[in-house]
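S.K.: Letter by letter, the chains look like this.
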Amino acid sequence: MSTLARYLIQGMLYAAFAATVGYFSNAPTYRHLGADDALVRLSFSHAAQRVAPCRERTPEELAKLAPNMRAPLDCPRERSPVTVELELDGRLVFRNVVAPAGLRRDLASTVYWRQAVAAGEHRFTARMKDRPEGGFNFVKDVVVELAPGRVLVIDFDGTRGGFLFRM
Amino acid sequence: MLDEDQAQRPRGTVAFPISLAWCVIVVVEADTAWTGGRDRGPGVPGALRALERAFDLVFRAVANPWRHLGALGFFFFWVATASGIYLYLFFDTSVTGAYESVERLTHGQWYAGGVVRSLHRYASGAMVATVALHFVKELVGRRFAGFRWFSWVSGVPLVWLLLASGITGYWLVWDRLAQFVAMATAEWFDALPLFGEPIARNFAFPAAVSDRFFTLIMFLHVALPLALLAGMFVHIQRVNYADVLPARALGWGAFLALLALALAKPALSQGAADLATEPQTLALDWLVLGFYPLIYRFSPEALWIVAAAATLGLLILPFAARGERVPVARVDLANCNGCARCFADCPYAAIVMQPRAGGKAGQKHAAVVAGLCAGCGICTGACPSSTPFRSSERLVTGVDMPQQPIDAVRAELERKLARLHGEGRVVVFGCEQAAALHGCAGRGAATLSLTCVGQLPPAFVEYALRHGADGVLVASCLEGECVYRIGDTWTAQRLAGEREPHLRVTVPRERLRVVRAGAGEEKTLAQALTRFREALARMPRNEPRGSSRSKAPRALAAAQTGARG
Numbered sequence: 001m002s003t004l005a006r007y008l009i010q011g012m013l014y015a016a017f018a019a020t021v022g023y024f025s026n027a028p029t030y031r032h033l034g035a036d037d038a039l040v041r042l043s044f045s046h047a048a049q050r051v052a053p054c055r056e057r058t059p060e061e062l063a064k065l066a067p068n069m070r071a072p073l074d075c076p077r078e079r080s081p082v083t084v085e086l087e088l089d090g091r092l093v094f095r096n097v098v099a100p101a102g103l104r105r106d107l108a109s110t111v112y113w114r115q116a117v118a119a120g121e122h123r124f125t126a127r128m129k130d131r132p133e134g135g136f137n138f139v140k141d142v143v144v145e146l147a148p149g150r151v152l153v154i155d156f157d158g159t160r161g162g163f164l165f166r167m
Numbered sequence: 001m002l003d004e005d006q007a008q009r010p011r012g013t014v015a016f017p018i019s020l021a022w023c024v025i026v027v028v029e030a031d032t033a034w035t036g037g038r039d040r041g042p043g044v045p046g047a048l049r050a051l052e053r054a055f056d057l058v059f060r061a062v063a064n065p066w067r068h069l070g071a072l073g074f075f076f077f078w079v080a081t082a083s084g085i086y087l088y089l090f091f092d093t094s095v096t097g098a099y100e101s102v103e104r105l106t107h108g109q110w111y112a113g114g115v116v117r118s119l120h121r122y123a124s125g126a127m128v129a130t131v132a133l134h135f136v137k138e139l140v141g142r143r144f145a146g147f148r149w150f151s152w153v154s155g156v157p158l159v160w161l162l163l164a165s166g167i168t169g170y171w172l173v174w175d176r177l178a179q180f181v182a183m184a185t186a187e188w189f190d191a192l193p194l195f196g197e198p199i200a201r202n203f204a205f206p207a208a209v210s211d212r213f214f215t216l217i218m219f220l221h222v223a224l225p226l227a228l229l230a231g232m233f234v235h236i237q238r239v240n241y242a243d244v245l246p247a248r249a250l251g252w253g254a255f256l257a258l259l260a261l262a263l264a265k266p267a268l269s270q271g272a273a274d275l276a277t278e279p280q281t282l283a284l285d286w287l288v289l290g291f292y293p294l295i296y297r298f299s300p301e302a303l304w305i306v307a308a309a310a311t312l313g314l315l316i317l318p319f320a321a322r323g324e325r326v327p328v329a330r331v332d333l334a335n336c337n338g339c340a341r342c343f344a345d346c347p348y349a350a351i352v353m354q355p356r357a358g359g360k361a362g363q364k365h366a367a368v369v370a371g372l373c374a375g376c377g378i379c380t381g382a383c384p385s386s387t388p389f390r391s392s393e394r395l396v397t398g399v400d401m402p403q404q405p406i407d408a409v410r411a412e413l414e415r416k417l418a419r420l421h422g423e424g425r426v427v428v429f430g431c432e433q434a435a436a437l438h439g440c441a442g443r444g445a446a447t448l449s450l451t452c453v454g455q456l457p458p459a460f461v462e463y464a465l466r467h468g469a470d471g472v473l474v475a476s477c478l479e480g481e482c483v484y485r486i487g488d489t490w491t492a493q494r495l496a497g498e499r500e501p502h503l504r505v506t507v508p509r510e511r512l513r514v515v516r517a518g519a520g521e522e523k524t525l526a527q528a529l530t531r532f533r534e535a536l537a538r539m540p541r542n543e544p545r546g547s548s549r550s551k552a553p554r555a556l557a558a559a560q561t562g563a564r565g
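Chains as they are written, first to last, in this note's numbering: chain A, 1 to 167; chain B, 1 to 565.
These are computed hints drawn from the structure, not numbers from a lab. Predicted model, so just to flag it, every value in this text is computed and none were measured. Every residue, glycine too, gets a C-beta built ideally from N, C-alpha and C. Incorrect hints may appear among the rest.
Heads up, incomplete: computed chain B residues facing chain A, CB under 8 Å, no partners named [unchecked claim]:
#1 53
#2 205
#3 251
#4 266
Computed footprint of chain B on chain A; a stretch qualifies when at least three of its residues, placed anywhere within it, have a C-beta under 8 Å from a C-beta of chain B [what the hints assert, rightly or not]:
#5 18–26
#6 35–43
#7 71–82
#8 141–150
Far from chain A by the CB rule (all over 10 Å, computed), these chain B residues [what the hints assert, rightly or not]:
#9 78
#10 82
#11 201
#12 243
#13 275
#14 277
#15 283
#16 320
#17 344
#18 421
#19 438
Just need the whole structure built from these sequences, with the hints factored in.
M.R.: Structure follows, in structure tokens:
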């Protein structure tokens, strides 16, 4: 094979390599979300109520404790699981009972869930129970208009009244 | 709707990854059929070998990319590093500044920053591509078991480090692709029961991302490639004369190809990140981020299971794959003078020099690390004690191979020399891994097949010529095809007088011919032998001159008598 032919073929092979790298660095296009879809993210971290209420220590009990340990309330560390439900247009799409984190189950319960939904108007009903007994103590019902590609984040903040719908 | 029951999916079981890992091993074990089950054989499938040889015609072996994939991986790493340092000078590690600074760099100085950014990106992609090819080539060639286990096992984590380096790089741009990568990575890691609060919450809404986060990612994008470099250093620790720098022609070719690509298709951002919306379509870099869609096509848990199983399978592959144990070189202290030529020539750093017990200060001797020995015999070829001219009845050298001791090679040579008659008496030294010698045996030639042509001490050439051969043909594998990496190179250098122990200058070079004939190229070898004999026919007959050794063996005396008759 002549030197010229070798260099020509080398050039073509280098070009083919570069073209392959260039192509797969940008293509084929990946469709991550449908053209008419929006996205809902249910995401929060919430420390539920304790499994039992705090109890006031008696003076006798306090006297038995070291002076620096004399807290007036005796509170169990363990927290209640969090039950959460999400309805979309009247249909239950998510339900979970989330245990608190931590070896003693005394930390927050966290929820993360994502769901693509068709763009348009939707009614969302979010419910949460963060206590050992009784029904849902936080409920929020909203109607939102979701444009294609829009992200609706459903967060929870007990100090701000419960569920927050962020867009 | 997509992925409706994602949150309720089981996290998988232990049985599945183990089964998948086992599948990897079974597939490679089944592969043994075409490699003959040899742990030390060539193991390169015919199609791949044909491709490599076709590229040899165009690039020459020294610059053949298929033969230097590891070196290309190193080269692309350095291109990415050098270009990355330039980009770092202009990068702003803040939420609002990251995207802007990259855009300024790309468009404000397209001739410098824009090109360098593209080079950075395409060099990373090219590195992933070459590493993937390198990995597949070693896998299908079964070059992972036995003495190679360390290189294989140390190479597996490098794949993770390489991908992680690339992923953090994409993150820094903070465009729509970066947003996708950030969220997908977070959602993937959240599938692991490691984090109290989901990482993905950090990208749930715009206010959640802070400047400190970009400082962290920048740190990772420096630390991970540094860890990768350290891993690459470890990866080649058991390989002497590692191929870490491509030939100049190959390096320039690869660089110019990347540069042309950078100019023709500059790397661009895909719009500023907006956490209030989700990217719908993305121009994904499939080389670095190709597995991300699997997170959503299946589930984060499924991807972890597959990744863990594949990693586990690859890590245990060298130990699970069966193969015959290779013979290990043995050192004979009485015949080792501590010259360290075997130490210098061993391709796998299996020879170490140790202080000689009871010797003078500084005196050393060779010792073999059994676990690293490939059993190639290149050390025997390097030992000056391997000369066949020694008059001792039994030839014992400083470092020898149990499967083919140098004394047995000399005895076989003498026996075959004794049977050589007529015109054009040629001794052919060949290599078990290259072209088979059976085609030469019936053509009036004495053939000796060695484990590797590097096992041949050059003095054997002179010995054959002085004891009845008209010529010596050394059949070596094709350049770059040596199963033991450098046996052919050392032999060529020794015969050319460029490396110790070299062929003495008094040996008539016209009576020596080196031919490169790889496995399956028996026809090439036969043709070379025919041409060599034609050349020898035009020379005066080579009269045996004998040596002090001539007096010793009866076989050799008989050979000389027969030749004169």
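S.K.: Decide, hint by hint, whether the structure agrees.
M.R.: These are the hints, each one checked on the structure:
The interface hint given for residue 53 of chain B is violated, since its Cβ lies 13 Å from the closest Cβ of chain A, which is over the 8 Å cut-off. Nearest Cβ of chain A to the Cβ of residue 205 of chain B: about 5 Å, under the 8 Å cut. The hint holds. Look at residue 251 of chain B: its Cβ only gets to about 12 Å from chain A, farther than 8 Å, so that hint breaks. With its C-beta approaching chain A no nearer than about 10 Å, residue 266 of chain B sits outside the 8 Å limit, and its interface hint is violated.
For the region 18–26 of chain A, the assignment as covered by chain B holds, since 8 residues bring a beta-carbon within under 8 Å of that chain's beta-carbons and 3 suffice. Coverage of the region 35–43 of chain A by chain B holds [criterion: at least 3 residues with CB-CB distance below 8 Å; count 6]. Counting residues of the region 71–82 of chain A whose beta-carbon sits less than 8 Å from any beta-carbon of chain B gives 0, not enough to reach three: the coverage restraint is violated. A count of 3 residues in the region 141–150 of chain A with a Cβ less than 8 Å from any Cβ of chain B is obtained; the coverage claim is therefore met, three being the minimum.
For residue 78 of chain B, the condition that its CB be more than 10 Å from all CB atoms of chain A holds, with the nearest at approximately 17 Å. With a minimum CB-CB distance of about 18 Å to chain A, residue 82 of chain B clears the 10 Å threshold, and the non-interface call stands. With 10 Å as the threshold on Cβ separation, the claim that residue 201 of chain B sits away from chain A is violated: the shortest Cβ distance comes to roughly 5 Å. Distance check on residue 243 of chain B: its Cβ is at least 19 Å (rounded) from any Cβ of chain A, clearing the 10 Å threshold; non-interface status holds.
A cut-off of 10 Å between C-beta atoms contradicts the statement that residue 275 of chain B is not in contact with chain A; the least separation is 7 Å. A beta-carbon of chain A comes within 10 Å of the beta-carbon of residue 277 of chain B; the shortest separation is about 5 Å. Not every beta carbon of chain A lies more than 10 Å from that of residue 283 of chain B, the smallest distance being close to 4 Å; the non-interface claim is violated. Non-interface call for residue 320 of chain B relative to chain A: holds, since the shortest CB-CB distance, roughly 32 Å, exceeds 10 Å.
With a cut of 10 Å on Cβ distances, residue 344 of chain B stays outside the contact zone with chain A, its closest approach being about 34 Å. No Cβ of chain A approaches the Cβ of residue 421 of chain B within 10 Å, the least distance being about 41 Å, so the stated non-interface status holds. Separation of residue 438 of chain B from chain A is adequate, the least Cβ-Cβ distance of about 31 Å exceeding the 10 Å criterion.
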